[in-house]
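A.B. asks: Protein sequence lines, in the order shown, are assigned to chains A and B. Using this note's numbering, the letters of the first sequence correspond one by one to residues 1 to 301. Using this note's numbering, the letters of the second sequence correspond one by one to residues 1 to 684.
Rather than coming from a laboratory, the hints here were simulated on the basis of the structure. A hint or two may mislead.
Said to hold, decoys possible - Below, in silico cross-link-like pairs of lysine-lysine (DSBU-like), each with a Cα-Cα straight-line distance of 30 Å or less:
{"id": "1", "chain 1": "B", "residue 1": "Lys376", "chain 2": "A", "residue 2": "Lys185"}
{"id": "2", "chain 1": "B", "residue 1": "Lys566", "chain 2": "B", "residue 2": "Lys547"}
{"id": "3", "chain 1": "A", "residue 1": "Lys169", "chain 2": "A", "residue 2": "Lys185"}
{"id": "4", "chain 1": "A", "residue 1": "Lys238", "chain 2": "B", "residue 2": "Lys376"}
{"id": "5", "chain 1": "A", "residue 1": "Lys238", "chain 2": "A", "residue 2": "Lys185"}
{"id": "6", "chain 1": "A", "residue 1": "Lys238", "chain 2": "B", "residue 2": "Lys566"}
{"id": "7", "chain 1": "A", "residue 1": "Lys168", "chain 2": "B", "residue 2": "Lys154"}
{"id": "8", "chain 1": "A", "residue 1": "Lys238", "chain 2": "B", "residue 2": "Lys261"}
{"id": "9", "chain 1": "B", "residue 1": "Lys282", "chain 2": "B", "residue 2": "Lys261"}
{"id": "10", "chain 1": "B", "residue 1": "Lys282", "chain 2": "A", "residue 2": "Lys185"}
{"id": "11", "chain 1": "B", "residue 1": "Lys566", "chain 2": "A", "residue 2": "Lys185"}
{"id": "12", "chain 1": "B", "residue 1": "Lys376", "chain 2": "A", "residue 2": "Lys119"}
{"id": "13", "chain 1": "A", "residue 1": "Lys169", "chain 2": "B", "residue 2": "Lys267"}
{"id": "14", "chain 1": "A", "residue 1": "Lys238", "chain 2": "B", "residue 2": "Lys117"}
{"id": "15", "chain 1": "A", "residue 1": "Lys238", "chain 2": "B", "residue 2": "Lys371"}
What the hints assert, rightly or not - Chain A regions said to be covered by chain B (calculated; three or more residues, Cβ under 8 Å):
{"id": "16", "segment": "120–129"}
{"id": "17", "segment": "143–153"}
{"id": "18", "segment": "173–187"}
{"id": "19", "segment": "195–204"}
Quick caveat, the model's predicted, so the values are computed rather than measured. All C-beta atoms in this analysis are idealised placements derived from N, C-alpha and C, irrespective of residue type, glycine included.
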Amino acid sequence: MLLTAALLAQFLTDHATAAVPAHLATTLPGAAWRQANLAGPVAATGPVTSLIRRFFIPASAALLILAGGVWAVAESGWFSGGKPAFAAGSSSSLPSSGKPVAEDPALLFRCTAANLPAKFLAVRLLTYESGPASDAALLAEVRSLAKTGGTVEDFDISTPVGRTGNFKKTRDYEYSPDWSWDEEKGVAVPDSVETRFLGTALDITATEPEDGGLEITWRFQTQPAEPEFHAWPLSLEKSGGDPERSIQMADFHETGAEGRTGGMIENEPRLLLIQHLPSSTLPDAAPGPRTLLLFVTLNPS
Amino acid sequence: MKLPRFPVLLLAASALFSPAKADDSPPAGKGNIHLQTTTFTVTGTALPLSLLNEPVSGDEALFLRLAAMVADGGAELASDQHLTMPTVKEARAEAIKEIPYPSDWTPLPDPREIMPKEFETTNTGISVNAQLDFLPAAPPNARTAGIFGSLSIKSIRMDHLGQVPVSLPQSHEDGAFNHPRFPTESINAVFRTADSAHHLISVCRQAGETVPGNDVWSLTFAKATPQSPDGKTAAAASGSALRLQALTFRLPVADGREFLKLHAAGKDGELLAVLLKSHAEKKAELTHLAALLVEAARSPLSPDGASAPEETEPEGLKTQDPFAIPKPGPQAAVYQPFMMGNGSGGDRTASVECMEEFPFATEYTDELVPKSFENKNIGRSFLVSVVRPMNASGARIAVNLEHWPAPDMVSWPEMKEGQRGYRTWCASFSQTSLTATLTVRPGGVYCLGAITLPEYFKDQRADSPLMEISLLKVAGTGSHQNPALKGVPPEPELEAEVFSLNADDAARLETLRHFPAETEALLSETTGSGRTHSVAFCLVPGDARSKPEIVAMVETAVPLGAAWTKTGRLLATEIEFHNIGFSLKTVNGEPPTKGETFLGFQHADSTITQPTQAELKKAADGDRKLPRHQRVEMEPDRQRFMIESNLPFPAVPFQILSLAPARVPAGHPEEGRWHAAVVRGKNP
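Pulled out of the complex, with its shape left as it was, chain A reads as follows (with noise of 0.2 Å):
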């Protein structure tokens, strides 16, 4: 880090008097303003020139320094509590029906979503038969089979009996569910902007049910695929008229289910879910149909 900012400070020390690049300006957001002042005061004046070489230039690298090590500290966990682009947590909470059991040592369910492309296993899993055996087997498989195409991901949920605890991977995301047409501008214009979540979440709620055992209830949601544009021309001719002019509206993609599985066994990974995913609920140019598949292991060793 601070060779990083000797080298930045030799950098700054050497250019402070270069201008901008005239066509790297025009293409930098700005570029207007920028070209504007591109002969103004500061690439003109000798003095002030010489006054940034004499204290801006060491306070710049101070700052440098002082910055980098906010960001170490920031690092490493000092400063949480900000909104990163991506988020990924569990947590564990009441159930809304469920009765508190803060004595229960909690409970770690490890779940693995995997994400294949169908030609991998679609037509056999179609006489599969889920068991202790085959459900351990076939995540086995699943994972050597990502590693030719596909994604398997793990996550862990800690939580007691009687207690829901959940995990998310997700980041907001803003688009407009509505929009008008600026006429003098020629432009589609967002009349509302809303958020929501893109990634995975997942919730399991454990119980011990009369007859004995440990029942899971579980709840799964994620996209398997980003937001997909979809453009609404204005024209009514038919060829569609200047694709300009048209509204852009975000398809989204979703997958969620949820059931319940008892006699979970430690150590035993368990199947939740095979869910088909046709083209149809995919991307228009995704390759092809892929299949998702949802375990969950209690206690893995």
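Chain A is fixed; fit chain B onto it per the hints.
C.D. replies: This is chain B only, laid out in the frame that chain A set:
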């Protein structure tokens, strides 16, 4: 159909030697149910029609065959969900794509453009809801006798845009107004299984009335595997499920009336064979084909493993609620959540609906561009309720079949094909529907009804009028397949017909109208001699108590006025809709008295001439009203009649409902003739 052998063997082997089958380890959990629902799609009617000769017990083999076809590209996997659920609680799985789209528009300065101002969102994709529970077996055996519950599967696609033609200024061709279409298949079923096998719960043509040549078929399977404490099920309770296959053929009236003689002779099996042959020879069109797995047993197994005592059909109209058990058995509570829940569709035992919304313009801009729309469902549905559970002579069921084809579009001013011009459009919706109640048993074929299609009906031919005949083929499994079952007596039947007679024969009929036998003889004699012909005909099984219904209607539109828009376009206004068609149904809302019922019989025919462009212009320049005689040459009051009669029940005698001159426009083929509407009941 030749099967791809290698994939079938491979899949069969994988099914037989799957880890769970070979697995002797403890069960996955106490009381878990593994549910799998799968939908395949195939192109062409060959496979769906081949099921007519397949027993229900062959479903697992069919599933493997379709899985193999997916592997080699002969079928497509539309959905496959595996869920784990333990008890009566509801489980769900869905994979959706949210599609926002404009639903209302406002004009822009450039008349070739239009701006969306309201938006809606539809969730397309697959959603499955299930509510299942174990059927108890004989204590202390902890095994389950199977799984019972309800399934609801919905699939919505957005695979094409509907296009409403629009005339554009300064453009050399018509434009198009794009609408998203959402074909939807919806299946609800009461599901019972005890064999951990895949069961075909429905077959239907994919929704998509507006897709030209739509010949894609969906086959949906369900499988529920119980894992009771010992991981196995008790002796399978077989024999309660029926596969009901409904077929509707459209063919020339002359052929249809000839074929119906087989039905009159009690040979519905031969009638189906003849119709299938006509279909193969392209002389008859198969307009509706759907299959449902229907759970025909109402009571679960009693503790000793034998079937619960059979119930007799209650008297009176109370039989309309198939699950209103007069004497609840000890296990009635098991069934209650499923029967009353929304998942099984109220009192329906099974249903499959393939629909799409058809938008039609209700408002236009001054440039005659549509800016507001309403929607109407078009498609097909097949609904079944078990009125009386399976007993030694079969199960009594109520069947409802409906079909709304894609409408014909009427436009004003009417244009010749390929001609451009500013005009407004209106949809002319057609509909056929029937509701029939009958006793069925596995292996049987039953005529569900027949009806002639009215003029202006979708695809109706002027030179060779068409009619539709619907049949039901029933397949079963287990003990009810036993040929030693009691025979099913023929069903009572209601027929209605409109005859066209000359004036002399009409006079003779008038003198005989209170003598049913003589009246029928006269009509038979004059028909045989060619002096009398049939104008409309329908039949439907069931008695008045079971509220049979058969309808073939078309809604046609005619404008009553015309005006100029602000931009000088000629606009047809004051659109009036006329229902033309033929129906026989019980009149609702009238309290029936013992031995009597009310029947509604409606026959509305007309001759419609749409206004010409010159007539529209003349009206727009004048008082904006179209003169009636120029607009429509129809006599709705003279040929449409509704008769509500106190007809004795159960035997409906041959009865003349009306006899009147056919008051048609001059030059009409029926000019000078008389029309006699008759109804007759057959009560074996």
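A.B. asks: Between Lys238 of chain A and Lys185 of chain A, does the CA-CA distance stay at or below 30 Å?
C.D. replies: 24 Å, holds
A.B. asks: Would the hint linking Lys376 of chain B and Lys119 of chain A be met if the CA-CA limit is 30 Å?
C.D. replies: 39 Å, violated
A.B. asks: With a cut-off of 30 Å on the C-alpha distance, tell me whether Lys376 of chain B and Lys185 of chain A pass.
C.D. replies: Measuring from Cα to Cα gives roughly 38 Å; hence the hint is violated.
A.B. asks: Would the hint linking Lys169 of chain A and Lys185 of chain A be met if the CA-CA limit is 30 Å?
C.D. replies: The hint is violated at about 39 Å.
A.B. asks: Has the given pair, Lys566 of chain B with Lys547 of chain B, been kept, meaning a C-alpha gap of at most 30 Å?
C.D. replies: 52 Å, violated
A.B. asks: Would the hint linking Lys566 of chain B and Lys185 of chain A be met if the CA-CA limit is 30 Å?
C.D. replies: 27 Å, holds
A.B. asks: For the segment 173–187 of chain A, does the count of residues with a C-beta closer than 8 Å to a C-beta of chain B reach 3?
C.D. replies: Check passed, 6 qualifying residues.
A.B. asks: Confirm or reject the coverage of the segment 120–129 of chain A by chain B under the rule of 3 or more residues with a beta carbon closer than 8 Å to the chain's beta carbons.
C.D. replies: holds (count 8)
A.B. asks: Within a Cα-Cα threshold of 30 Å, do Lys238 of chain A and Lys371 of chain B meet the stated pairing?
C.D. replies: 17 Å, holds
A.B. asks: What's the verdict on Lys169 of chain A and Lys267 of chain B, does the C-alpha distance respect the 30 Å limit or exceed it?
C.D. replies: Violated - the C-alpha atoms of Lys267 of chain B and Lys169 of chain A are around 65 Å apart, more than 30 Å.
A.B. asks: Given the hint that Lys238 of chain A pairs with Lys117 of chain B, does the C-alpha gap stay at or below 30 Å?
C.D. replies: Given that 30 Å is the threshold and the Cα spacing comes to 21 Å, the pair holds.
A.B. asks: Taken at face value, is the distance from the CA of Lys261 of chain B to the CA of Lys282 of chain B at most 30 Å?
C.D. replies: Since the Cα atoms of Lys282 of chain B and Lys261 of chain B sit roughly 21 Å apart, the hinted pair holds (cutoff 30 Å).
Against the hints set out earlier in the document, violations occur for numbers 1, 2, 3, 8, 10, 12, 13, 17 and 19.
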